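Colleague: So the protein sequences, as listed, match chains A and B. So the first sequence is numbered by the working numbering: it starts at 3 and just counts up by one. So the second sequence is numbered by the working numbering: it starts at 224 and just counts up by one.
Mixed in with the good hints, there may be bad ones.
[Stated by the list, open to error] DSSO-like cross-link-like pairs, simulated, lysine-lysine; straight-line CA separation at most 30 angstroms:
#	chain 1	residue 1	chain 2	residue 2
1	A	K62	A	K32
2	A	K182	B	K246
3	B	K297	A	K170
4	A	K136	B	K228
5	A	K62	B	K294
6	A	K154	B	K297
7	A	K182	B	K228
8	A	K62	B	K266
9	A	K154	B	K228
10	A	K136	B	K297
11	A	K182	B	K294
12	A	K140	B	K334
13	B	K257	A	K154
14	A	K62	A	K182
Hints were generated in silico from the structure; no laboratory data involved. None of these values were measured; they are calculated from a predicted model.
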Amino acid sequence: MVQLPDVAIIDRCRAGDESAFAVLVDRYAKRAFALAYRMTGSVEDAEDLSQEAFVVVFRKLGTFREESRFSTWLYRIVLNLCRRHYRRQRLRAALSFSSSGEKEIQVEPRTDETPESRLVAAETGRAALEAVRKLPAKQREVFVLKHLEGLKIREIARVLSCAEGTVKAHLFRAVRAVEKNMEER
Amino acid sequence: MKCSKRQDLVLYYYGELEEPEEKRLASHLETCGKCSAAWQRLKETLEGLHCEPPEMPESYWRDYQRGVRNKIGKRSPRRFFFPARPLLQGAITAMLLAAVATAGFHYYRGKQDRIMILQNYELLSELDLLEDFDLLRSLEEVENL
Chain A
3 MVQLPDVAII
13 DRCRAGDESA
23 FAVLVDRYAK
33 RAFALAYRMT
43 GSVEDAEDLS
53 QEAFVVVFRK
63 LGTFREESRF
73 STWLYRIVLN
83 LCRRHYRRQR
93 LRAALSFSSS
103 GEKEIQVEPR
113 TDETPESRLV
123 AAETGRAALE
133 AVRKLPAKQR
143 EVFVLKHLEG
153 LKIREIARVL
163 SCAEGTVKAH
173 LFRAVRAVEK
183 NMEER
Chain B
224 MKCSKRQDLV
234 LYYYGELEEP
244 EEKRLASHLE
254 TCGKCSAAWQ
264 RLKETLEGLH
274 CEPPEMPESY
284 WRDYQRGVRN
294 KIGKRSPRRF
304 FFPARPLLQG
314 AITAMLLAAV
324 ATAGFHYYRG
334 KQDRIMILQN
344 YELLSELDLL
354 EDFDLLRSLE
364 EVENL
């Protein structure tokens, strides 16, 4: 079943095959986790949000239209959950009267690297996440999908359900803001 | 060639320019010092911004799967009422429809009975009235006598 295309696996999921759903999770868990991590900068939040995304997938698989790719749909769900997460953080911050409700960014080291390269990776990773966090919501989403996830502008437009021109406009502004932010550091 | 717009440099970095434009820009960057410097600055900034998520061991992904299953189990009690087997789903739907139809039929019949009783009651009260009329007539006759 591992070699089957997404469409066939989704059909099996719809027919109630739980092992097919496990294959779907296995296939996309790392991507959903990576996107949530790049959006939030936290391993715990990334785990929670990406798992939530699969719960949504399980419940709404019946509404998934096969003209779009499963990964596009999943990305959209993860981003919606990240948006909700940000809103809740902001609300919590406002209620607790603290300056920021967001967690301190902790970039986890990769296990396959030397201490020096880990340090460099952690530094660049932290810089990237901080730059991303300072962007307004739409620019952040476009920048993460383009720069960190490597999606094409066409695909981002599909994920965010907007025009390619809008994606480009957000991307230009995001790159300018990131450059400005890096110059100030 | 005219100097490139900043936006074109961004699209060029991400490989999003159409082929003729891309070639034109590449050759322009070789000759224009100003654009070349802007390109180098942009490239350095963007290349320095990378963020790989932490590498997780295999056991982590097994626990992750389990976590997803647990969350689904907690959030979807409807699965207990509606198992995802098409045949069983069909049978349950048919039984539910039959139950609704039977209940509806009984309700309709009950309603008809109630209407009949009311109609009979009205008839009876009219009979009483008729009887009253007879009695009055009889009384008049007695008075005339």
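Colleague: Is the Cα-Cα distance between K257/B and K154/A 30 angstroms or less?
Modeller: holds, 28 angstroms
Colleague: If you draw a straight line from the CA of K140/A to the CA of K334/B, is it 30 angstroms or shorter?
Modeller: violated, 60 angstroms
Colleague: Checking one constraint from the list: CA of K182/A to CA of K228/B, max 30 angstroms. Satisfied?
Modeller: Distance of about 18 angstroms is within 30 angstroms: holds.
Colleague: Given the hint that K136/A pairs with K297/B, does the C-alpha gap stay at or below 30 angstroms?
Modeller: violated, 35 angstroms
Colleague: Just to be careful, I want the Cα atoms of K297/B and K170/A compared with a cutoff of 30 angstroms; is the pair within it?
Modeller: Violated, at about 41 angstroms.
Colleague: Next pair to validate is K62/A with K294/B; report whether the Cα-Cα distance is within 30 angstroms.
Modeller: OK: K62/A and K294/B at ~15 angstroms, within 30 angstroms.
Colleague: When you check the alpha-carbon spacing of K62/A and K182/A, does it fall within 30 angstroms?
Modeller: violated, 41 angstroms
Colleague: Quick one, are K62/A and K266/B close enough, alpha carbons at most 30 angstroms?
Modeller: It is violated: about 41 angstroms lies between the C-alpha atoms, which goes past 30 angstroms.
Colleague: Hinted pair, alpha-carbon criterion (30 angstroms max): K154/A, K228/B. Please report holds or violated.
Modeller: holds, 20 angstroms
Colleague: Within 30 angstroms, alpha carbon to alpha carbon, are K182/A and K294/B?
Modeller: Distance ~42 angstroms between K182/A and K294/B Cα, so the pair is violated.
Colleague: Quickly compare the C-alpha distance for K62/A and K32/A to 30 angstroms and report which way the hint goes.
Modeller: holds, 21 angstroms
Colleague: Mind checking the alpha carbons of K136/A and K228/B for me, to see if they're no more than 30 angstroms apart?
Modeller: Distance ~25 angstroms between K136/A and K228/B Cα, so the pair holds.
Checked against the numbered hints above, the structure breaks hints 3, 6, 8, 10, 11, 12, 14 and satisfies the rest.
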